[in-house]
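Please build the complete structure, drawing on both the sequences and the hints.
Spelled out, the chains give:
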Amino acid sequence: MTSMAILTIFALSIFVGFEVVSKVSTTLHTPLMSGANAIHGIILVGAIMVADGATSTLETSLAIAAVLLATINMVGGFVVTDRMLEMFKGKPKAPKVSKDAEAAK
Amino acid sequence: MNKNIYELLGLVVALSFILALKGLSAPKTARRGNLIGAGGATLATIVVFFAPLGVGKSHHNTILILAAIAIGVLVGVPAARKIQMTQMPQLVALFNGVGGGAAALVATAEYLNLGAGASKAEVVATVFTVIVGCTSFSGSVITFLKLQELMTTRPVVFPGGRFVIAATLAGVLGTGGWTISSGGNTPLLVMGGLALLFGVLFVLPVGGADVPIVISLLNAFTGLTVAASGYVLQSTLLIVAGTLVGASGTILTRKMAEAMGRSLFGTLFGAFTAKPQEAAGAAETRSVKSGSPDDVAILLNYAQRVVIVPGFGLAVAQAQHTVRELADMLAAKGIDVAYGIHPVAGRMPGHMNVLLAEANVPYEQLVEMDEVNPTFPQTDVVLVVGANDVVNPAAKTTPGCPIYGMPILDVSEAGNVIFLKRSMRPGFAGIENELLYDAKTTLLFGDAKDSLTKVVSALKAL
Chain A
1 MTSMAILTIF ALSIFVGFEV VSKVSTTLHT PLMSGANAIH GIILVGAIMV
51 ADGATSTLET SLAIAAVLLA TINMVGGFVV TDRMLEMFKG KPKAPKVSKD
101 AEAAK
Chain B
1001 MNKNIYELLG LVVALSFILA LKGLSAPKTA RRGNLIGAGG ATLATIVVFF
1051 APLGVGKSHH NTILILAAIA IGVLVGVPAA RKIQMTQMPQ LVALFNGVGG
1101 GAAALVATAE YLNLGAGASK AEVVATVFTV IVGCTSFSGS VITFLKLQEL
1151 MTTRPVVFPG GRFVIAATLA GVLGTGGWTI SSGGNTPLLV MGGLALLFGV
1201 LFVLPVGGAD VPIVISLLNA FTGLTVAASG YVLQSTLLIV AGTLVGASGT
1251 ILTRKMAEAM GRSLFGTLFG AFTAKPQEAA GAAETRSVKS GSPDDVAILL
1301 NYAQRVVIVP GFGLAVAQAQ HTVRELADML AAKGIDVAYG IHPVAGRMPG
1351 HMNVLLAEAN VPYEQLVEMD EVNPTFPQTD VVLVVGANDV VNPAAKTTPG
1401 CPIYGMPILD VSEAGNVIFL KRSMRPGFAG IENELLYDAK TTLLFGDAKD
1451 SLTKVVSALK AL
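So the sequences go chain by chain: A and B.
The first sequence begins at 1 in the working numbering and counts up one residue at a time.
The second sequence begins at 1001 in the working numbering and counts up one residue at a time.
Don't take every hint at face value.
Result set (DSBU-like, lysine-lysine): computed pairs, CA atoms no more than 35 Å apart in a straight line [unchecked claim]:
#1 B/K1028 to A/K23
#2 B/K1289 to B/K1333
#3 B/K1082 to B/K1454
#4 B/K1003 to B/K1022
#5 A/K23 to B/K1022
#6 A/K23 to B/K1396
#7 B/K1082 to B/K1028
#8 B/K1003 to B/K1057
#9 A/K23 to B/K1082
#10 B/K1440 to B/K1333
#11 B/K1454 to B/K1440
#12 B/K1028 to B/K1333
So, partial list: chain A residues that the calculated Cβ filter (under 7 Å) puts toward chain B [stated by the list, open to error]:
#13 I14
#14 G17
#15 F18
#16 A36
#17 V45
#18 T60
#19 L69
#20 I72
#21 M87
Computed spacing ranges between beta-carbons, pair by pair [claimed, not checked]:
#22 B/G1415 to A/S22: 39 to 47 Å
#23 A/F18 to B/S1292: 49 to 57 Å
#24 A/F15 to B/L1189: 31 to 39 Å
#25 B/Y1302 to A/F15: 54 to 62 Å
#26 B/A1167 to A/T57: 31 to 39 Å
#27 B/E1371 to A/F15: 26 to 34 Å
#28 B/G1334 to A/L12: 51 to 59 Å
#29 B/R1425 to A/F15: 45 to 53 Å
#30 A/F18 to B/E1007: 24 to 32 Å
#31 B/E1007 to A/T57: 27 to 35 Å
Treat the hints as calculated values from the structure; they're not laboratory data.
Even for Gly, the Cβ is constructed at its ideal location relative to N, Cα and C.
Okay, structure coming up:
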């Protein structure tokens, strides 16, 4: 890959990153932070690549430690974000259901 | 696997992350967004095992890698599933820290692997990753300790501290330059050590309300380290994903700082400008008015409008269901009930919304700060449940105190203020609250859930 191509990807990604979160509501700050946190757990892919190509014991140890930490970051991050968002689920429906229940009576 | 297919799948994953972030910024799509991101990440992890290799190369250490992933899942998933809602912020901080640590390790291992064959640009990217990754790691560990209250939550400032921090930063940059110019392993090692120290020193002077901003900032930093390792590893996916997190994290940090009325600059460079605070004043001897659950029930019963202000104490006591029971009872009596939600009540922005949503509090009753503030003069009773700093008038009246300038809920405008508190201990920011001594304030001491339960039964007896 040429440096110019990398720079282009980098610059465009910055603008996409700015753009996608520009309208987030205060309520979602924490889950969004947590979700973004899980996404950078993608360093796991880098850790696997390095572990895969490691040639010395030291390299292997460092890379395997990185795989472990990155997995915790990625898997834990997505699970904890989901748990936060689970709390929001069905909120608009809850009062409606009770009204229906009353109407049924 | 064919190289084109491999890269195409990488593009799919990158797009899934964009969709994930986009989804996460709107309430309706948030959960789906997170699942899309998780799906993308899983796909990327599977695909990388089938990455096309150069001629004559083979895959190494596959068993070890799979074992490490298995252990990581066994550690990460239960931690994320069993954590109490109150402890989520520190868990996010910890996850961020291990991500930063992983990036630093990846860059170091690749640096060793490339040896003398590394190009200048690759060494620069490595140096950046190791510095920022190590800073993010140790900084996140300190925020974790602060939020878990394993160490003091107040800013830690020692005389001459800013010179020590400046010297450490100069040392980090100096050894960085040394690594870039001479290569070799020793400079990188020294640099990593200094960066770890810098992370600790950087976060120590940050107090109370600024901790969430720092977590968000470190999160953005970690994103950038992932992008830099992507450059070293020639992985477009890592560059895109890391940059996305870095950019969106920066915007998010700025938005959080705005919501709290904090200057981002002040938070960032607090470490360099913080002065040792004067020791807390002499023990307070002024009297406060404390009431019984019956007094509180009577006040509430004859009110026309009640605003409930929840804070971290509500989260600690797990009192969200009890508070909802009380609110429902009041509403059944024809009293106008609303929750005044400060954006940073609790330990993180949106913490209270998540907690009250868990108790199925109707969304319309959650009123944000800007909307609820003008209604306080028409409010008869404000019930402050385990909140302190977010209603502390010192934010308006005492220049120089750590929360000065933070927008607060103007509960002192209301007819009566009831505080449910565990003790007279000040809030997270460690500042005395004048409002507690005000004539219109009634205090009910005890665990928020116990107190609320007693108030509910007193109200039933009326």
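Consistency of the hints with the structure:
For the given pair, B/K1028 sits about 14 Å from A/K23 by alpha-carbon distance, which is consistent with the 35 Å threshold. The suggested pairing of B/K1289 with B/K1333 holds, with an alpha-carbon distance near 27 Å, which does not exceed 35 Å. Between B/K1082 and B/K1454, the direct Cα distance comes to roughly 29 Å. Compliance with the 35 Å bound is thereby established for this hinted pair. For the hint pairing B/K1003 with B/K1022, the CA-to-CA distance comes to about 29 Å; that is within 35 Å, so the pair holds.
Of the supplied pair hints, the one linking A/K23 and B/K1022 holds, its CA atoms being roughly 9 Å apart against a limit of 35 Å. The straight-line distance between the Cα atoms of A/K23 and B/K1396 is roughly 29 Å, inside the 35 Å bound, and the hint therefore holds. Distance restraint check for B/K1082 and B/K1028: the Cα-Cα separation of roughly 25 Å lies within the 35 Å cut-off, and the hinted pair is therefore satisfied. The hinted pair formed by B/K1003 and B/K1057 meets the criterion: a straight-line CA distance of about 15 Å does not exceed 35 Å.
As the CA atoms of A/K23 and B/K1082 are separated by approximately 31 Å, the hinted pair is consistent with the 35 Å bound. Between B/K1440 and B/K1333, the direct Cα distance comes to roughly 24 Å. Compliance with the 35 Å bound is thereby established for this hinted pair. Of the supplied pair hints, the one linking B/K1454 and B/K1440 holds, its CA atoms being roughly 21 Å apart against a limit of 35 Å. Straight-line distance between C-alpha atoms of B/K1028 and B/K1333 comes to about 33 Å, which keeps the hinted pair within the 35 Å bound.
Annotation: interface hint on A/I14 holds; nearest CB of chain B at approximately 5 Å, less than 7 Å. Hint status for A/G17 relative to chain B: holds, with the closest Cβ pair at about 3 Å, below 7 Å. Satisfaction of the interface hint for A/F18 is found here, the shortest Cβ-Cβ separation to chain B being roughly 5 Å, below the 7 Å cut-off. Hint status for A/A36: holds, given a least beta-carbon distance of 5 Å to chain B, under 7 Å.
Hint on A/V45 holds. Least Cβ distance to chain B is approximately 5 Å, under the 7 Å limit. A hinted interface residue such as A/T60 counts as satisfied when its beta carbon comes closer than 7 Å to some beta carbon of chain B; here the least separation is about 6 Å, so the hint holds. At about 4 Å, the closest approach between the beta carbon of A/L69 and any beta carbon in chain B falls short of 7 Å, and the interface hint on this residue holds. A hinted interface residue such as A/I72 counts as satisfied when its beta carbon comes closer than 7 Å to some beta carbon of chain B; here the least separation is about 4 Å, so the hint holds.
Against a cut-off of 7 Å between C-beta atoms, the interface hint on A/M87 holds, since the closest Cβ of chain B lies about 4 Å away. A beta carbon spacing of about 40 Å between B/G1415 and A/S22 agrees with the range 39 to 47 Å that was offered as a hint. Separated by about 54 Å at the C-beta atoms, A/F18 and B/S1292 satisfy the suggested range of 49 to 57 Å. A beta carbon spacing of about 37 Å between A/F15 and B/L1189 agrees with the range 31 to 39 Å that was offered as a hint.
Taking 54 to 62 Å as the suggested C-beta distance range, the pair B/Y1302 and A/F15 conforms, at roughly 57 Å. A beta carbon spacing of about 35 Å between B/A1167 and A/T57 agrees with the range 31 to 39 Å that was offered as a hint. Hint check: B/E1371 to A/F15, Cβ distance near 32 Å, so the stated range 26 to 34 Å holds. For B/G1334 paired with A/L12, a C-beta distance near 57 Å keeps the hint of 51 to 59 Å intact.
With their beta carbons about 46 Å apart, B/R1425 and A/F15 fall inside the hinted range of 45 to 53 Å. For the pair A/F18 and B/E1007, the beta carbons lie near 25 Å from each other, so the given range of 24 to 32 Å is met. Under the hint 27 to 35 Å, the C-beta atoms of B/E1007 and A/T57, about 32 Å apart, fit the expected range.
The structure is consistent with each of the numbered hints, conforming to all of them.
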